[in-house]
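Chains as they are written, first to last, in this note's numbering: chain A, 1 to 187; chain B, 188 to 1190; chain C, 1191 to 1299.
Honestly, the hints are just simulated from the structure, not real lab data. Be a bit skeptical, because a hint or two may be false.
[Stated by the list, open to error] Okay, the calculated beta carbon distance ranges per label pair:
(1) B:Gly1185 <-> A:Ser44: 32 to 42 Å
(2) C:Gly1292 <-> B:Glu584: 53 to 63 Å
(3) B:Pro691 <-> C:Asp1202: 40 to 50 Å
(4) B:Asn1094 <-> C:Ser1224: 22 to 32 Å
(5) C:Ser1224 <-> B:Asp628: 51 to 61 Å
(6) A:Ala87 <-> C:Asp1202: 50 to 60 Å
(7) B:Ser896 <-> C:Asp1202: 29 to 39 Å
(8) A:Asn3 <-> C:Asp1202: 36 to 46 Å
(9) C:Asp1202 <-> B:Gln680: 26 to 36 Å
(10) B:Val886 <-> A:Asn3: 26 to 36 Å
(11) A:Asn3 <-> B:Asn1094: 52 to 62 Å
(12) A:Lys94 <-> B:Gly1185: 33 to 43 Å
[Claimed, not checked] Derived DSS-like pairs: lysine-lysine, alpha-carbon spacing no greater than 27 Å straight-line:
(13) B:Lys943 <-> A:Lys91
(14) B:Lys989 <-> A:Lys91
(15) B:Lys943 <-> C:Lys1285
(16) C:Lys1239 <-> C:Lys1285
(17) B:Lys1143 <-> B:Lys965
(18) B:Lys615 <-> C:Lys1285
(19) A:Lys38 <-> B:Lys943
(20) C:Lys1217 <-> B:Lys871
(21) C:Lys1285 <-> B:Lys1082
(22) B:Lys969 <-> B:Lys1187
(23) B:Lys670 <-> C:Lys1285
(24) C:Lys1239 <-> B:Lys615
(25) A:Lys94 <-> B:Lys871
(26) B:Lys1074 <-> C:Lys1217
(27) B:Lys1187 <-> B:Lys1143
(28) B:Lys888 <-> A:Lys94
Because the structure is a prediction, the values reported are computed rather than measured. The beta carbon of each residue, even a glycine, is placed where N, CA and C say it ideally should be.
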Amino acid sequence: MSNAVSALQGKLAPGEVTIREAGLRGMIVLRGDLTDKKLRAVCSGVTGVDYPGQGQANCVGEKGLCWMSPDELLVLVPYAEVAEAIALIDKALKGTHYLAENVSDARALILVEGTYGREVIAKLAPADLHPDSFKPGDFRRTRLGQVAAAFWMRDEDTFEVICFRSVAEYTFNLLAASAKAGAVGHF
Amino acid sequence: MSTRLANQGRLINKNKAVSFTFNGKHMRGFEGDTLASALLANDQMLVGRSFKYHRPRGVVAAGAEEPNGLVNLGKGATFEPNQRITTTELFEGLTATSQNHWPSLEFDVGAINTYLSRFLPAGFYYKMFMYPQAFWKHVYEPVIRQSAGLGKAPKDRDRDTYEHFNCHVDVLIVGGGIAGLAAAQAAGARGARVLLVEQTADWGGRAAVDTPQIDGVAAPEWIKTTVEALEKMPNVDMRLRCMGAGIYDHGYALAYERLTDHAPDSDGPRHRLWRIRAKQIVTATGAIERPLSFAANDLPGVLLASAVRDYVVNFGVSLGDRTVVVTNNDDAYRTAIILKQAGLDIPVIVDARAEVEGELIDQARDLGIRIELGKGIAKVKGGKRVTGVALCAQAGEGAVLEEIDCDCVAMSGGWSPVVHLWSHCGGKLIWDADQAMFRPDPERAPTSHDGQPFVATAGTANGHLYTAEVVSDGWAAGRAAAKAAGHTKRGAQAPMGHDAAEGPMSPVWLMPQGAGHALRSKAWLDFQNDVKVSDVQLAAQEGFESVEHAKRYTTLGMATDQGKLSNINGLAILSQSLNADIPNVGTTTFRPPYTPISMASIAGVARDELFQPIRKTPVSDWSNANGADNEPVGQWRRPYAYLRAGESVHDAVNREVTNTRENLGLLDASTLGKLIVKGPDAGKFLDMMYTNLMSTLPVGKCRYGLMCSENGFLMDDGVVVRMAEDTWLCHTTTGGAERIHAHMEDWLQCEWWDWKVYVANVTEQYAQIAVVGPKARKLLRKMGGMDVSAEALPFMQWASGKIGEFDARVFRISFSGELSYEIAVPAGQGRAFWEALMAAGEEFGVMPYGTEALHIMRAEKGFIMIGDETDGTVIPQDLNLQWALSKKKEDYLGKRAHERSHMADPNRWKLVGLETEDGSVLPDGAYAIAAGENDNGQRNTQGRVTSTYYSPTLEKGIAMGLVHKGPDRMGEVLEFNKVDGTTVRAKIVDPVFYDKEGEKQNV
Amino acid sequence: MLTLHCPYCGVDADETDLHAGGQAHLKRFGPGSSDEEFEDYLFMRENPKGVHFERWRHVYGCGKWFLAARCTNTLEVFGTYPAQTLEPPKDIRDKIAGTRPGWSWGIFK
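One chain only, chain A, in its complex shape (with noise of 0.2 Å):
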């Protein structure tokens, strides 16, 4: 729909590490049988990703797998192609126990880009954050300051990280504080 709009309008914190609203990002909530070899299929088919292992992420551009508990995976395609991409999966999976929702207008996506991002997280979340432990294609699901929260590493100086869309003013302005606040210099 050419009326819709993200949660914050793609508002942006800039600074040594920026805090930018990504915009509208296609996510499809699944839940099945995550062993099911046609649901690995057609995951990969709709994002062009391979199937993720326990605590991870594949995501390339707007397209990616998400691994979000033994059985549940996070689809995420650009926000246009979703209805596609349900059809897709509901044809693949047709006949079996599965569940795919349209989750896109429930998140938001938000990015922390630079130097110390590590750190900007690390002020919120009780995850380590520690580069030896927490690197790109690792995906955690926990909590930033008061709200539940998930992130990924695209690179090495950039988080996606993805939140509830009621929260999503919080979230950013947390990120924002903590970004603001510096750099600690530990990691």
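Given chain A, work out where chains B and C should sit, using these hints.
Frame of chain A; chains B and C shown alone:
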């Protein structure tokens, strides 16, 4: 007088003067000074008044253990009370004022208490303020409040920012003295991820002052090269001004980093609270020197011996020209030697021991210092500062042998390892009789998730007083910690230390040993809380024999310093009074934080707009820009009403109700929970979750459902929609979305894990807007798109299609009693959809309405609200909702509980409507009074108000309530209490006040 | 601050990522059960100083419920395991027996 020396001060930069004020007086210090050293350099020995007796007090220590030097620091937005001057680094423009005196520090009226001290013994408050009870509130409380507390509370908002930082390390080392440095070296060399924190602004601890030899060089040089080597290790992070505050379960630790306290105008957060998860922790926290208990040991000018030499060596500050050293150990001779070498006079070293032998003693003798063995101090002379001491035999009762003029007394009663962090998480202590100290028992270390020790202690904190042992112990602890964390790479060699051989110390708990009451009642144990030897003895006499009881009775160790100087001395006195061994009396409990940390650092970034998450719907911004007066509903802020210019909230609510009933209203219902339940067993599952039968709901239809907890109480309600053969959409209350989602997952994962059901929370995927009122259909027809006629979309059905250009799911459900469509569109289009409805609805008189109008309209219809009519003790039967309890189902959550005798009791309070006789609005929560009193002498009650409103539709107050056998008592009049003590009469009526046949919603 | 290993997603989860759910291995009693059975199921709980079995949900993480065997006194964690079981797995029971010989909890020993 105290003054600055010409040729000393390793930490200060004499080329950089720093100006500051104390009690309005302008003073100058140097860069590198602490506030304490700068005050002493200005001969300001009197720094505060004690808590109870308002006695004049000066600094006792040079570090974190300082009990007396507490000031109000800063002003306005940087004001903070109770700041310790010995750990406050001086900066340009610092302003400080002393505390706990009136009218001034020099002349304090409260000092009269010291003359009344006979009448203010231990437990004074408990004894004095008991009787008569009538005095509690109006006499005692104001008096106690007046004298309670040390500093002033800040008045202005804190201008600074604070943050947290989470990190995971292999080895956390607390303490940057030589033991901590050696531990870091060992652990770092093995490749472990190391965090080393030091509470002060420089590395090396005591060794930097006492300069023993390490690896063949003087300690300061070894410290410098070791720090440089550690800084080059990428796996070692070193933090100064960062105090290990507490150690908790499973390797969690807190450290408190003070980033800008010493430079308040710099950017960035003021404090950072490190939330550390460490595999292993080494506490190399050093030791604290103990005071000696002799009469008037609290006068300004009586300091710990180590502190006296710290001020000379670190800051070039002498406490006076003539310093008497009084000790029970060799270490204090270092103070005499350093002072003598600095050109100051040591009239005498008073040593309580009868015989001494050691290198330090020889050195002192060689310097020509007089040493008096077997002697003690009978009392210190002076008023606001020391003028002399009276010597006596330590073995005697205090007969004065000689009086010696001096302006400083340097005392040492031995050393107590800092075992706080070791003890926080369960590390046990053993009593080392030779050194008269509690030290960590390595056999009983704190254990972690794997049952293995995770805290080790090293160096002086481990009871080692010799440098050779300190560095080798530190090294070994670091190496062992790295190994336990999985790093076994072999590294460099352990450092070797050397210092002068010392003779044994001899414990001295009271000076002189046989001091009479007059001396004991002037021998201070706890300087900050004014607890004396005689107080602890009195506590023991009065039966407070447990150390924890004695502590609370006397307040020993309960001040902001938490007894760092007083605890061991106090418990030694207690054990003597009880004729028990010290280890049998034991210590009080060590609790975090080690020294007080700022409240703001605990809050971190969570203040102002980040204090807690505020959840927003896609329509929230529009509402806030259009007069919304919000109310919190969980973390959401929902418009209570939309106020127009000049309108009161009450008027706005009435306007919204009337307009919705007569024309058209819009409600942002996006916060309602929306759960997708899908799978072959979804129907069976929902039949367990809801009291109603949901599996039989036809596709395309909606059904109101109730959820009970397993013990039968109503926990949520909402409309359930059959989307497809294997898919249901469950609406929950606003507060219920996450809770009910979790509830469903709990049952699916933990009880019926073989059922094929998936649940997804899609609450935030949709903006849901209720289009309500007699003109609702007209508006939707005007918008265009799908057929919303009564025939195509009857009441309690749903359909998907287009409303205007929007993809929508339209539910014909009503919580107001009016013709109503709840329309869900993707959240990203929610704002656009809302604005389109507002624009198109203008000709129909559309107005947004808030939660209060929603509440009034549902109450007019007699619809219950979870949280109003329910409170966790209410069952569906109480609300006359038996019709929603399926009799066809063998089982559902709550069914068995409803069979319990209390649930089936005919005497339960049940839902009715209530109407006051005078048309007024009943107070919310008011009780219906009944005859007689209960066992507690309170009026009996027979019901209570659960919802109460002014109904603009009926132009009178309406209410719902739970009343004993209510539905059987229609027409009866009850009396409800009001806040002002009067009562109001109300009649029991049918709870459906409006459109009893339900015709309006079904057109 | 406990750290518990989530057996579903492999994360060593901080206590702040978790939600505690009370005692594990309850047997549900529904309609047809006696008052005593239902009372036991609803209200009666173990309160040991020592070995305990608990329910935890990795609420900020993968959302899964798991069970933990831990000592309430020392906080030693003997193991965590998926919730889809009626009894503690043998390896965990053996591990407990290793350090707490003679332990018992409810119907388990």
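Here's how the hints hold up against the structure:
1. At about 53 Å, the beta-carbon gap between B:Gly1185 and A:Ser44 misses the expected band of 32 to 42 Å.
2. For the pair C:Gly1292 and B:Glu584, the supplied restraint of 53 to 63 Å holds, since their beta-carbon distance comes to about 58 Å.
3. Distance hint check for B:Pro691 and C:Asp1202: the Cβ-Cβ separation is about 48 Å, which falls inside the suggested range of 40 to 50 Å.
4. Range check, B:Asn1094 to C:Ser1224: about 24 Å between beta-carbon atoms, so the 22 to 32 Å window is met.
5. Between C:Ser1224 and B:Asp628 the beta carbon distance is about 52 Å. The supplied range of 51 to 61 Å therefore holds.
6. A beta carbon spacing of about 39 Å between A:Ala87 and C:Asp1202 contradicts the range 50 to 60 Å that was offered as a hint.
7. With their beta carbons about 32 Å apart, B:Ser896 and C:Asp1202 fall inside the hinted range of 29 to 39 Å.
8. Against the hinted window of 36 to 46 Å, the Cβ-Cβ separation of A:Asn3 and C:Asp1202 comes to about 44 Å, which satisfies the hint.
9. Evaluation of the 26 to 36 Å hint for C:Asp1202 and B:Gln680 yields a pass: the beta carbon distance comes to about 35 Å.
10. Checked against the given bound of 26 to 36 Å, the beta carbons of B:Val886 and A:Asn3, roughly 30 Å apart, stay inside it.
11. Taking 52 to 62 Å as the suggested C-beta distance range, the pair A:Asn3 and B:Asn1094 conforms, at roughly 58 Å.
12. Against the hinted window of 33 to 43 Å, the Cβ-Cβ separation of A:Lys94 and B:Gly1185 comes to about 41 Å, which satisfies the hint.
13. In summary, the hint linking B:Lys943 to A:Lys91 is supported, as the alpha carbons are separated by about 19 Å, within the 27 Å threshold.
14. Between B:Lys989 and A:Lys91 the CA atoms are separated by roughly 24 Å; this keeps the pair inside 27 Å, and the hint holds.
15. Annotation: proposed proximity of B:Lys943 to C:Lys1285 is violated, straight-line Cα distance about 34 Å (limit 27 Å).
16. Proximity of C:Lys1239 to C:Lys1285 is assessed by CA-CA distance (about 18 Å); at most 27 Å being required, the pair is judged to hold.
17. Between B:Lys1143 and B:Lys965, the direct Cα distance comes to roughly 31 Å. Violation of the 27 Å bound is thereby established for this hinted pair.
18. A distance of roughly 26 Å separates the Cα atoms of B:Lys615 and C:Lys1285; the hinted pair therefore holds under the 27 Å criterion.
19. The hinted pair formed by A:Lys38 and B:Lys943 meets the criterion: a straight-line CA distance of about 18 Å does not exceed 27 Å.
20. At roughly 20 Å between alpha-carbon atoms, C:Lys1217 and B:Lys871 fall within 27 Å of each other, so this suggested pair holds.
21. A C-alpha spacing of about 40 Å is found between C:Lys1285 and B:Lys1082, which places the hinted pair above 27 Å, so the restraint is violated.
22. Using a Cα cut-off of 27 Å, the hinted pair B:Lys969 and B:Lys1187 holds, with the two alpha carbons roughly 21 Å apart.
23. Proposed proximity of B:Lys670 and C:Lys1285 is supported: the alpha carbons are some 23 Å apart, at most 27 Å.
24. At roughly 19 Å between alpha-carbon atoms, C:Lys1239 and B:Lys615 fall within 27 Å of each other, so this suggested pair holds.
25. Our distance criterion of 27 Å between C-alpha atoms is met by A:Lys94 and B:Lys871, whose separation comes to about 21 Å.
26. As the CA atoms of B:Lys1074 and C:Lys1217 are separated by approximately 24 Å, the hinted pair is consistent with the 27 Å bound.
27. A threshold of 27 Å between alpha carbons decides the hint, and for B:Lys1187 with B:Lys1143 the separation of about 21 Å falls inside it, so the pair holds.
28. Proximity of B:Lys888 to A:Lys94 is assessed by CA-CA distance (about 24 Å); at most 27 Å being required, the pair is judged to hold.
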